[in-house]
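Asker: So the chains spell out like this:
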Amino acid sequence: MRKRLRELRLLFSDPLLAFLVAGVFAALAVFVALPLFSVLLKSLTNESGDLSIENYARFFNFRYLRSSLWNSLTSGVTTAVISVAIGYAAAFTLTRTNLPYKRFFHVLFILPVISPPFTSALSILMLFGANGMITKWILGIQNFNIYGFKGVVLSQIFTFAPVAYLTLKGVLESLSPTLEDAAMNVGANRMQAFLRVTWPLSLPGVASAFLVVLIEALSDFGNPLVLAGSRFPMLSTQAYLEITGSFNLPLGAALAVALLIPSITAFVIQRYYLQKKQYVTITGKPTATASKLVSVGAYRALFLFVACFSLLVFLFYGVIAAAAVTRVWGYDFTFTADNFAYAFGVGFGTILDTLLVALLATPVSGLLGMFIAFIIVRLSFPGKGILELTSLLNFAVPGTVVGIGYILAFNRPPLLLIGTLAILVLNFIFRYIPVGIQSGVAVLRQIDPSIEEAAQNLGADRVTVFRKIMLPIVAPAFFSGLVFAFVRAMTAISAAIFLVSAKYNLLTVQILNQVGSGRLGVAAAFSVILVVIVLAAIWIIAALVPGHAGGMSAITIQNRESVG
Amino acid sequence: MKITIKNIVKEFESYGAEERRKQEKIFRAVDDVSFTVEEGELVTLLGPSGCGKTTLLRMIAGFEDPTSGDILFGSVRVNDTPPNLRGATMVFQSYAIFPHLSVRENVAFGLRLQKLPPPEIDARIAKVTALVELSGLDDRRPSQLSGGQQQRVALARALIMEPQLLLFDEPLSNLDAKLREQMRIDIRKLQQRLGITSIYVTHDQTEAMSISDNVIVMNAGRLEQMGPPAELYSRPVNRFVASFIGKANFLPDPESGHTIMVRPEAVKLALSGEQTDGFWGRVTRSTYLGGILEYEVETKDAALLVHEQNSFERPPFAVGDAVSIKLLPSGLVKMD
Ligand SMILES: Nc1ncnc2c1ncn2[C@@H]1O[C@H](COP(=O)(O)OP(=O)(O)O)[C@@H](O)[C@H]1O
Ligand SMILES: [Mg+2]
Chain Y
1 MRKRLRELRL LFSDPLLAFL VAGVFAALAV FVALPLFSVL LKSLTNESGD
51 LSIENYARFF NFRYLRSSLW NSLTSGVTTA VISVAIGYAA AFTLTRTNLP
101 YKRFFHVLFI LPVISPPFTS ALSILMLFGA NGMITKWILG IQNFNIYGFK
151 GVVLSQIFTF APVAYLTLKG VLESLSPTLE DAAMNVGANR MQAFLRVTWP
201 LSLPGVASAF LVVLIEALSD FGNPLVLAGS RFPMLSTQAY LEITGSFNLP
251 LGAALAVALL IPSITAFVIQ RYYLQKKQYV TITGKPTATA SKLVSVGAYR
301 ALFLFVACFS LLVFLFYGVI AAAAVTRVWG YDFTFTADNF AYAFGVGFGT
351 ILDTLLVALL ATPVSGLLGM FIAFIIVRLS FPGKGILELT SLLNFAVPGT
401 VVGIGYILAF NRPPLLLIGT LAILVLNFIF RYIPVGIQSG VAVLRQIDPS
451 IEEAAQNLGA DRVTVFRKIM LPIVAPAFFS GLVFAFVRAM TAISAAIFLV
501 SAKYNLLTVQ ILNQVGSGRL GVAAAFSVIL VVIVLAAIWI IAALVPGHAG
551 GMSAITIQNR ESVG
Chain G
1 MKITIKNIVK EFESYGAEER RKQEKIFRAV DDVSFTVEEG ELVTLLGPSG
51 CGKTTLLRMI AGFEDPTSGD ILFGSVRVND TPPNLRGATM VFQSYAIFPH
101 LSVRENVAFG LRLQKLPPPE IDARIAKVTA LVELSGLDDR RPSQLSGGQQ
151 QRVALARALI MEPQLLLFDE PLSNLDAKLR EQMRIDIRKL QQRLGITSIY
201 VTHDQTEAMS ISDNVIVMNA GRLEQMGPPA ELYSRPVNRF VASFIGKANF
251 LPDPESGHTI MVRPEAVKLA LSGEQTDGFW GRVTRSTYLG GILEYEVETK
301 DAALLVHEQN SFERPPFAVG DAVSIKLLPS GLVKMD
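Listed in order, the protein sequences are those of chains Y and G.
Residue numbers are given in this note's numbering: position 392 of the first sequence equals residue 392, and the series is strictly consecutive.
Residue numbers are given in this note's numbering: position 139 of the second sequence equals residue 139, and the series is strictly consecutive.
Fair warning: there could be bad hints in the mix.
Claimed, not checked - Example chain G residues on the side facing chain Y (calculated, C-beta under 8 Å, incomplete):
| hint | residue |
| --- | --- |
| 1 | Ala61 |
| 2 | Pro83 |
| 3 | Ser94 |
| 4 | Ala96 |
| 5 | Phe98 |
| 6 | Leu116 |
| 7 | Pro117 |
| 8 | Pro119 |
| 9 | Phe279 |
| 10 | Trp280 |
Said to hold, decoys possible - Which bits of chain Y does chain G cover? Going by a derived footprint, with three or more residues having C-beta under 8 Å, they are:
| hint | segment |
| --- | --- |
| 11 | 185 to 192 |
| 12 | 195 to 204 |
Simulated from the structure, these hints should not be mistaken for laboratory data.
Even glycine gets a Cβ: it sits at the ideal position worked out from N, Cα and C.
Work the whole structure out from these sequences, hints included.
Answerer: Laid out in structure tokens, this is it:
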């Protein structure tokens, strides 16, 4: 208690700083905690507004609802297992062999990370759907049904294997190949060296990647909405349909809570247990990667695998690009510019809105994240742990839950924000501060506190220290955080879909609408536009920011830091 | 086991910025090196950082394949033998201790792979941990060990295999100065007692001189000279060896046009009046190092470094003193 008081007094000795910290607390309470709390509360009321557990009772009694939990979990776990296997093989190939054109393959592998999360769903429809290029035109199957478990899992693997790849690449890079040399040096053959050294050492990372993909797959919204179909209900989409289709907010909220529980559990295990178990054995300069761990045969197999996956990426993106300039995919493959004309015609406002929201939200989110990182690393005050947890929570909370929380929390004065641009911007700001926080914390922890002390010693107050010393030092991390947050803001869907309005719409939502009404060509055209904007933004930032902070490496760095 | 290295060359696809600027696609890390190590000998590879020592050692261990040349263990060519079957164990610069295994399991790693009966493994662990003075740490995790202890684990893990050849890659470079000196004495004693043929890499000339039967001086991938420490110091074959091992003065020989190398200890000074007829100079620096006194003397056409045993018989020369200079004939080495 005494310590607390002393900390408080210290904080208030710098009034501006104290004011800012209080402001951060208030903002997080309103825009992170309040929506979550609203969802919880709503799920515990019945339709007439009284407290009850009716919704949960219904959840357990109705098979359809119960199976949505089961479906989400089984498809999530399947996706996670296969994604981790693919990610591990790819990461292993890039870190342990002399594969040529590594950078090219790397960029190709992470392309899905910068695309809207349902791009692959669209490709799958066009390749394997009832009129799919492969199923109908090449294999000649009539009315092939891609919907349900297999479609969702296939699409999610394509979407999330890159995430697993990025995580595991970081893990394998931090394990010195010298350890494998050492094992072989005392008599281990390749298999033994891998099974007794490489594998056990990467196991915490593998588990971590598994949980990260599981969290992402559980909260995934776009792929299920396109590919789940009516006979394979899943939690995130079911919650959405309950609210927008049946206007049953309480039940939707209860489904969201059901989704929240496994996500948060996975997050807590990943963050507070697995991260401490990870081995880092690289010290100093990275050693040569040429290792005898991989035999010629194994190398060929890995190369084949990498080549196949790359082809798949090409195929998936090629199909989208092709469909964007095709009259009617599946029936009439003649060239047309109509889709783009239509997209620009009806969707120009949407494109501008999307850019506006991303451009407004990203810098604010980045600055706020950096400031919170500074607070976390350099200050001590009561409630710091809570502040840190709250600000990171949005990593784990599925977008669906956040979206529902926002419409519940901000639908009446004084916080009447529904239908405004502000609610979209605010949602993105608070959804992506963890990105800034993570990279900020990582950088700040490496800065010797005596640098700050020196500045203070020369007469700078703490806000000046933050502005003049910390910001320049963390600038590279800040910019790579910006790139990542911008990409996420441009491609996000799950929360945003609850918050768009007739006045302010977003590209991702627009694409889903087009898919829903069967205009795959227009959806493809919108997707192409979106990916082009994202790539252009990445290149612009890369050109403006010297060093490796911008560009594609930002995606790599951010992903690594955000999932640890 | 006698080791023979014949005309070994190792080329890498260059990855350094320097080489890329020079547009060199191929970089020769080891350039036509040959030597032999006799049974029971300890030979040191000595040279500046980046001269190819590690690369050479890794080829002997089997982690890298030579571009050309032969490696013979005894009379057997081992170029195509995989690293796990060479019977040459290595102590790595970074120790490369398995972080997920206890000290005991680290040491036992190789024997477990051979599926030896547990009692025998236990006996050998006990023997080797006693040998490297590591007893009692069996169940510790590597992260709980000090640098010196990790070093001993790495040594024990290599020794327990009863190798034909022991390889060391700068094993002491991560230890502090005191410990480094102790460890190098311990390693040398152990190596002599067990009689294991050893190749030891270092960039520290004192370490090389104090531990080796023979020293190989390397520079930019090439072998410059091989010989016992005394020979390298007193009869270096070129400027590089002369200045890499100890300190050296280079003087032009007016008669032959060759360069003469003379060690600072082989230069004798005496106080002289101004303008003696012989070889003379003026002291420009005088440093009291304790056991020895170090001077810099400027002559008409050269600056000489001079070491004098501190005899306590007279005060050291002072800056500005004029001194006559004598070079001990036995300390003069002709270079080309
Ligand atoms: N795998 C590799 N690929 C390209 N160059 C390498 C590789 N390994 C080492 N080199 C280069 O070979 C040279 C010798 O390296 P090394 O044997 O590690 O030197 P030392 O151990 O003497 O310091 C260095 O210039 C290094 O950059
Ligand atoms: Mg080396």
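Asker: Each hint should be assessed against the structure and marked as holding or not.
Answerer: Verification of the supplied hints:
1. Checking Ala61 of chain G against chain Y by beta carbon gives a least distance of about 6 Å; that is within 8 Å, so the hint holds.
2. Nearest Cβ of chain Y to the Cβ of Pro83 of chain G: about 5 Å, under the 8 Å cut. The hint holds.
3. Interface restraint check for Ser94 of chain G: the shortest CB-CB distance to chain Y comes to about 6 Å, inside 8 Å, so the restraint holds.
4. For Ala96 of chain G, the shortest C-beta to C-beta distance to chain Y is roughly 4 Å, which falls under 8 Å, so the interface hint holds.
5. The restraint placing Phe98 of chain G at the interface with chain Y holds, with a minimum CB-CB distance near 6 Å, inside the 8 Å limit.
6. This hint is violated: Leu116 of chain G has a C-beta 11 Å from the nearest C-beta of chain Y, more than the 8 Å allowed.
7. This hint is violated: Pro117 of chain G has a C-beta 17 Å from the nearest C-beta of chain Y, more than the 8 Å allowed.
8. Interface hint at Pro119 of chain G: violated, since its Cβ lies 20 Å from the closest Cβ of chain Y, which is beyond the 8 Å cut-off.
9. Hint status for Phe279 of chain G relative to chain Y: violated, with the closest Cβ pair at about 48 Å, above 8 Å.
10. Hint status for Trp280 of chain G: violated, given a least beta-carbon distance of 50 Å to chain Y, over 8 Å.
11. A stretch counts as covered by a chain when three or more of its residues have a beta carbon under 8 Å from one of that chain; for the segment 185 to 192 of chain Y and chain G the count is 6, and the coverage holds.
12. Here the segment 195 to 204 of chain Y counts 4 residues with a CB under 8 Å from a CB of chain G, which clears the bar of 3, and the coverage holds.
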